[in-house]
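Next come the chains, spelled out residue by residue.
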Amino acid sequence: MIPQAVLNEWYPVAMIALVGPRPGRQTQLLGSDIAVFLEDGQIVVQGAKGQRLAVTLRYGHVWACPGTPAHDLFPIPEADQPGRRLVDCGVVRVKCSPLRAVENFLDIAHFPFVHTDVLGAEPHTEVGRYEVQIREDSDEVWATKVHFYQPQAAKSAAGGIVTEYMYRVAAPTAAVLYKTCPNQPDAWDVIGIFVQPLTEEFCEVWPWMALFDDTTPQADLIQFQQMIFLQDRSILENQIPRLLPLDPGKEIPTQADLTSIAYRRWLKRKGLTYGAQMVAA
Amino acid sequence: MSGMWVANGLSQDLPLGVVMAGAWQGAELAIWRSASGRLSAWNDRCPHRGMRLSHGFVRGETLSCIYHGWAYGTDGACSKIPAHPAMVPPAAIKAEVYQCVEAEGVIWVAPAGSDVDLPDLSGLAAVRSVTVQAGLAEVAHALPGFVCEGAVWRGQLDGAAVALVVQDRGALVRIHALGTGDRVKVSRWLDGMMRLAEQGVLA
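As given, the protein sequences belong to chains A and B, one line each in that order.
Start counting the first sequence at 1; every next residue gets the next number (our numbering).
Start counting the second sequence at 1001; every next residue gets the next number (our numbering).
Heads up, some of the hints might be wrong.
Stated by the list, open to error - Within a straight-line C-alpha distance of at most 20 angstroms, the following computed SDA-like cross-link-like pairs (lysine to any residue) qualify:
1) K145(A) <-> V1097(B)
2) K179(A) <-> E140(A)
3) K250(A) <-> V1097(B)
4) K1094(B) <-> E251(A)
5) K1185(B) <-> L1157(B)
No lab work stands behind these hints, which were simulated from the structure alone.
Note that this is a predicted model, so its numbers are computed, not measured.
Looking at chain B on its own, in the form it has when it is part of the complex (with noise of 0.2 angstroms):
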């Protein structure tokens, strides 16, 4: 699976000019979304001195590291270093970039060059994330019915689809719910899964 897409989230949590943390395998990552819009995900360190850019802050169409200020475009590379006004930074300073896309409500993300095809969720809409303190068996164990493909667990919930996109974490899974339903019935739903997950793995 080594070019795969994993979730990262709903577009919903993360607002023009946010920045926040995120994961790709055992990549750590930090994932934005510029003034305009644009979603970024990058590799989270700064090419300076290391220091995790989901620290950093956006303005308008760049994200800047906390540190020292180094401020880089939606293309990865450096744009602007604060101590050296008026130098051009060298090219060769770029942030680490991953595909980053979002479909129905979902943000995906991908290392550079991988071309595998996203799940198909058309249809379904983004209800809310939960993270859960479980690991992928306690939640396979608490979605009776359930058929996992890839990432992606699909089901029913009083006659209307249900998507639940899995980010496995290690000791917590992130679920990213979907739903054709009612949104409000679909969160209710998934908050009595948690704690199912959750018991099972005090059980």
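In isolation and in its complexed conformation, chain A is listed as follows (with noise of 0.2 angstroms):
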């Protein structure tokens, strides 16, 4: 039985540009089959007993909620905000929980090792202090405050910086980072990546950028993007278990782990438990 409150929340389920007549896109969503198709002019997501799902078109990509909508989807202003290129990446299928990829990507300290000479670099590793709270307002995960030295921190930087990061647990398989912008000190890179949970082990991964860079070309920006996803589901699809340990003791962490062990207790406080082990096995 999936819980109620996982029933409730937004997921994506297509790239909007992509999205034709039927039978348009046959995919999953928490191990359903759905379908998205355009139907006189209008996007649907259609469960496998021909009912309709609640639909959000936003950032490029189509949302549904299997459920009755617990609340809009959450806000990104930046979206909305003159002069910024949105750039959709595509999808990288992995193999993993889509709670673990959205994990993965709240993290810092893999940088140098996974994304060796691009985000990060020996002997930069340390990672400081930096600030972590569940915000009650909006009801998302934020860290603030996360510095790292990084060789080449976006395809637009020339040579290594060190990049101030926020991250932004915003649904619970979608994410935001704000990062340094190379070419505008005063603004933010904004990156997301919306995970369709397909099954517990199972998911698509949507990356998603809204950037100040009128030079690069496109291709160029997803190609840097797809390798970044590409290195990350080397390690996704090698984690034991697959499924996320919600549960303390199964999994070590250290202080800068502090915006994933929010993550974990966000998810267990609203028992958003689809893609999570919840007894040490």
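Two chains, two separate frames, one set of hints: put the complex together.
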């Protein structure tokens, strides 16, 4: 049985630009078959029994709620900010819990080892103290004042810089990061990952960006993100267990993992346990 | 057979500074050799975030996890957490250590605390390991005249002793071959035996 709290959340199920007429995109959401297609100019998400799911179109993607939406889809004000380029990066299929995919996105300490010479490099491995909170007003997990040395922080970065990050868990399977923009020091680049939970152990990851970058060709931006997520996949498909353990004791965190600790606590508190392992095996 | 030794390859196939995946019964293992030659076998799971340590990298006398670079010494204890270079890792952060020894060129693994004797393969020399796409029954069928003692099958090839150390992996079988005679001859005979066993599956 899938908890009602899980069913009442929004999940990405397709890229708007790629949705066509019936049969459309045949996929899964929380273990059930769904179809995403155009009908009379409207995007429809249909369940296996023919039922229509609640739909929101936002941030280049189709979002669906299999239950009764508990709230509107989270806001990303930067998506409407003039001058930003919105980039849909396509999809990466990963054989892991959707929650593990989100947790990895929130993690910086792996940059020097998994994204070597791009997002991090030895000996610059230290993760300094940063701030984490579960914001009661928006019911989101936030990490701020995260600093990290990066050899090539973005496609538009020419050399190594210390990048500042903010991380935000906006939905159980969606997170957004804000990072120092190499082209515009007073603004943040915004990168989201929208994770579609196909099953508890299989997901599709849709990266999305809202950048101040007028020069880099679209294909290069997408290729850069795809490279990063393919490197992450080599990790995500080799974690044991595949589900994200929510009970303390199964895995050992350190201070660098404060965001992950808060994310796990937030999921547990809200009963968002789809893709989680609750009892230490 | 709670504490039995399980063969996990030949010494010649695990050079200095290399890590490989292995298994003991159902448990998945990371088996690695340090720069100085020390062998270790651990549960294939970093205690931090569950990443397979067999995907990691060896530097000197430590094995590091590929995810966050946590380094573990040959005793299994975490010696370095790169995210916190100044911190001494707590003793509780430790890989789950198995016993790992090599004898007559075979790498053997058993759970910590097991005091079962190793099979005696003295006088034999390692030839090579093969993976047979067949079950144990088909392999046994392809070894007429061989005698099974636990994981070791013993027989003769043109008057020379041959021993096959068998590692049952369910749908396939790893065989580590040793012999006293001509290594090339043993190796060719192995190819034929494999074909027989795999044909047995199809028959």
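These are the hints, each one checked on the structure:
no.: 1; hint: K145(A) <-> V1097(B); verdict: 38 angstroms, violated
no.: 2; hint: K179(A) <-> E140(A); verdict: 18 angstroms, holds
no.: 3; hint: K250(A) <-> V1097(B); verdict: 17 angstroms, holds
no.: 4; hint: K1094(B) <-> E251(A); verdict: 11 angstroms, holds
no.: 5; hint: K1185(B) <-> L1157(B); verdict: 9 angstroms, holds
In summary, the one numbered hint that this structure violates is 1.
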